[in-house]
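Work out the full structure, taking the sequences as your base and the hints as a guide.
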Amino acid sequence: MRKALFLSLAFAMPSLLPLSGPALAADPSIPVLVPITGFLAVEGKSQRNGAVLALTQAPGGLKVRHDVSDTGTSPEVAVNAFERAIDDRNTVAVVAPMLGTQMLALLPVALQAKMPMLTMSGTAAITQQGNPYVFRFFPDDHVTKTAQVRFAVEERKIAKPALIYQTTAYGQSGREEILKLLKARNITPVYQDALDVSQKDMTAVLAKAQAAGADSLLVHLHGGPTALLLKAASTMGLKLPIIAGSGLSQPSTLALLEPAELATSCAETGSSPISAETPEMQKFVADYRKAFDQDPDAFALGQYDGTMMALQALAGGANTPDKMTKALASTTYKGLAMTYKSNGKGDMAHSAVVICFDGKSRVPTIAKHYDVN
Amino acid sequence: MLALQLLFNAIALGAAYALVALGFVLILNATSAVNFAQGDLVMVGGFGALAFGSLLGLPGIVLLVPLLVVMIGIGFLLAFVAYFPVRKRPPDTVFITTIAAGIIMSNGANAIFGPEPRATPSLVSSGDWQIGGLVVSYQSAAVIIVAAALIVGLHLLFTRTQIGRRLRATAQDRDVAASIGIPVNLMVAATFAVGAALAGAAGLLLSRNFFVSPTDGANYMLKAYIAVTLGGWGSIPGAVIGALIIAAFEVAFPALPALIPALAPYAEAFTQVWSTVVLYVLILLILWQRPQGLFGEAVRARP
Amino acid sequence: MTMPATPTLSPSAVPVRQRPSPAMLVNGIIVVLLGLYLVWSGMAAGNYTLRVLSIAGIYALLAIGYQFIFGHAGALALSQGTFMGVGAYASGILAVNYGVPFDLALPISVGLPVLLALIVAAPVLRLETHYFALATLIISQVVLLIAIEWISFTGGANGIGGVPPIRIFSVTIPPGWPLLATVWGFVALGALLAWQIARGRLGQAWACVRTAPSAAAAIGLDASRLRLTAFLLSAAYAGFAGSLYVHALRVISPDVLSFPIIVSCLTIVVVGSRLRPVGALLGALLIILLPEWFRDLRDYYLLAYGCILLLVVVIAPAGLLGTLELLAGQLLPASPSPAPSPRPLEPLAVRGAAVKTSEAAAAPVLDVSRLCCSFGGVRAVDDVSLRVMAGEALGLIGPNGSGKTTLVNLVSGFYVPDSGRIALCGENITGRSSYRIARAGVARTFQTVALVEDMTALDNVSIARDVNRIGLGAALRVGLRDPVQTRAREEAAFLLEQMGAADAMMRPAGSLPYGVRRRVEIARALAVQPTLMLLDEPAAGLNETEQSDLAQRLRALLKQGTALLVIEHNMSFLAPLVDRMACLDAGRLIAEGTPQHVKSDARVLEAYLGTASELVPA
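Residue numbers (the working numbering), protein chains in the order written: chain A, -19 to 353; chain B, 248 to 550; chain C, -3 to 614.
Derived by calculation from the structure, the hints in this document are not laboratory data. The C-beta atom is built at its ideal place from N, Cα and C for all residues, glycine as well. Any given hint could be a false lead.
Cβ pair distances, simulated, as ranges [unchecked claim]: (1) A:165 x B:535: 44 to 52 Å; (2) C:373 x B:535: 26 to 34 Å; (3) B:432 x A:235: 39 to 47 Å; (4) B:380 x C:93: 46 to 54 Å; (5) C:414 x B:512: 46 to 54 Å; (6) B:312 x A:257: 44 to 52 Å; (7) B:428 x C:188: 53 to 61 Å.
Here it is, written out as structure tokens:
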């Protein structure tokens, strides 16, 4: 009993001490706050890797500290991590999580702290609140879904799509955008279904889409569920064209599928680094593979570009959050994936691509490039 | 034909769920405590199969052997870490220690294997039989056969062997078992081992078709919990039937509009989300009308 | 399958004391230290620390509420996070869409979770432990699905941003120390309120229902009502916490409805304390701060969190607070508090409507006719008819398993008969629930003594007084001293003195010798002021002096007009005490009459063949 008391005291003691943030040092700091646990960990890890790669390749011999902090999937943890990061006076900008609900919670905190955030969140609402401190380096839902819908309608000539989306923030806001864009083209989906991320058997969904007379599938699911759906469609011998969301562009998703199962599929995404069309892109992919032993996806590249833009600004003298905010808001940056420039609301990325598979390889080719304003 | 296909899919899924639920109910009977790490053990089994697969390069059916050995070890470990230190406390304490164990497992898997969903090697080989319009994949057929074999094996273990009889005696009445010289603690630990092995096998069976990722545990846990409650708390056949019911519901309910043309106009009311809501509400109704579950026996509390 | 309490670790009642007990002292010291720490943090700490401490305060409030249903009522509810979420959504949506500030929204953000609790309570609250846990888990899943799917109203999975900060009386509370002070101010109020509720008779009634459910029913405590009170209180606290949470976080997010919240809440209570508000504060600080300390471990920090969590639960069985209290108890032995001065019970003028009329007064106190009850084909009680008049004692004998205890369980409402009729003073009470039968004037004891082990003998008896005046309203109305409780304790002191257990009064019932426990139990039965008392082997385990002493006290009761039904094997105790005897065999009444007559009845002797020794005077 004595021992138990001693131990419990030992655990209780630290609660009487103030929480300590990262140690202060003179180097500027760009902390990386991303979900590396929970259901968005795949995307969060890409974000982290992209940011970390950029930070280790900082231009002009800059030394920038970068503490990585997990935000999990809750706004509470994200805000805690953010407060901890900005307790450090040398923080000039923050790499912020791509989960929309976390960004909504971070907005007022960033506004009060006047701290610019570099994020990949596609949720439309985060740049619609007039908050000057949010910078989004991934095309938002409007841009990516425009690419998806335009490609489906203009290239694949679809008229009766079935829309299958996820019951997450990602899925819901994408679906809203798709419906809007389809409506503008006088198309109504013949069938819609919302899937939980734990859904396993896709037979029923596909059977219903088929029964409804769908001529194509517009898919807006996370990576794993996209793979499940494609596998089921292939097993059922469904030969409909499938135009998927960015989940399908992630190498971790492609690793789950046989090339043949990809045969009729295309997908929208911000960029497709593994398609590596330019020497700069090839170098990025090689560096990334060397550093993290895996293939980069569009989130990794976007975050790399965004972080690199901030680093360039830093090298150019933007060494306070205030100067950084101004630099990000006003300059144009030519990144690997695209050229980034704020539209005045913090949206930096305005183009998206559609990638397609040939059924023989897991490496996609870029079928079409879309600039959306 | 669609109906047959769905039935087949449901049985394949339900067979794997049944293994999870069985492990859950065995531990429950032996300790009267809920093992909240049961779902995470499934996930561990999936990643275990993945690791053995890349190490040995053999088909899943062969990997099952070393995987079961490892899972038995993990089951013993779980018993010694999360059960024995708190066995004299209220059962809800085990609730928390096993939740903590689950946190350790899922975050351990995240740190070791990464968050990406992964597919394990197929049990025998990929491919399928086409019977009319029915697609019977080798994998799904093998899942059903392996799960059935494990359930039959478990039944034989419990009814035909000395250790099985001891396990049952321990589950029925621990004090009586101890008084006739059965090493009760060892039997409880063995039950955890069997429970973990079943979960691990389910992980291997499920992770080919449905992948495995570190956050999968919670979902399997909920499925097992519901299956066991539905089947009747503590009832072993009930757990299997409960698991099959859940799988059937999950697979077939959303397909009703495709099966019954009259429902087709309401197809969008049969989304997967609604099927979950309907299942949950049904379970609440069942609990309301039969507080002891579908197959459980009503017991009169002794004052 | 009610959850057993941890004996000696969860003192559920704080008796009247002159000097604070060591446990109280520990609680006080922790509160003072915590207060100092928070004040110091508020002045000196950075935004990050202030933020985390504010969040910890909100969880503390949530956990204090959870202690009602989980700790006091002993039900493993997995819905606490849902009530918090409903409160958060209510307050958040009112603020964003309708511009209603925090304070004006409170009636709805607290009321809505309470309403939800009230609605789900009917089907769910009667379920046994694990079914109850699952049912509440499923309800929370359904609410989560609704929050995610009802996009137009809730913002769906993304939620709604732009929730304003807390505003009270038109004063906006900015983040930093003002938020910290506000949150912890509410925590202090909530903790004080919870302490007030728990230390009084409501807390004692919960302890009784939780640890000795049969005894609770036998003294007329309405277990389901008490459970409901705890459930609603939990929901109210959760709703308030949720309302604070949404304004502190500035976003409505379905995350607040997710399972990790309830895991945190459960862990806080188990790690801190199941019953004491101060323990919830300690637990909340530990559980919310723990992952923050480990942040530097990056990918492994949740792994470390899991390990430490496991370790804390394992090494501190009584929770952090319980462990500290235990140690304080060892270091500073408590001086027993002074016993209250005895006060005789006022005689009951009338008991219900039944005895108002003179003809009812002439009716037998207990009239059992043609009672049948079977278990799985075995007839435990088979066509039994019995009568006991006022001031009369009936002895019930029979071999083991002949149905004596079953008969007592039937009369006291613990079992429902398959057929037959039970009347009390001419009023039909067949099929009534046990607590209502107790309130109608039937008291009983149990074959194995059922007392609340960690409550004093005095309070084990005092709780049986005025059971219909135990409730939330009563708990809130009283000041520092509850006059009802003071009076009940004085009357209990009188009853214990009458039963010759005055010396044991202020000691925990669990620490008393067997004979004294029996007497405490009878005193508790007397506290009901019964018209009929059912005694199940009252002399078992008593020595001869104790037996004759007990017999004497029972005779005094008979003189006051109480009717007695006594199950006993011990003939030398029973025969002189009772006026008549009845013998059961295999559920059937085989003999009835004077003790002399029954003892020599051929069928009775036959029934006892092989166990005839029991009939020989000991």
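For each hint, the structure was consulted:
no.	hint	result
1	A:165 x B:535: 44 to 52 Å	holds (49 Å)
2	C:373 x B:535: 26 to 34 Å	holds (28 Å)
3	B:432 x A:235: 39 to 47 Å	holds (44 Å)
4	B:380 x C:93: 46 to 54 Å	holds (51 Å)
5	C:414 x B:512: 46 to 54 Å	holds (52 Å)
6	B:312 x A:257: 44 to 52 Å	holds (47 Å)
7	B:428 x C:188: 53 to 61 Å	holds (55 Å)
Of the numbered hints listed earlier, not one is contradicted by the structure.
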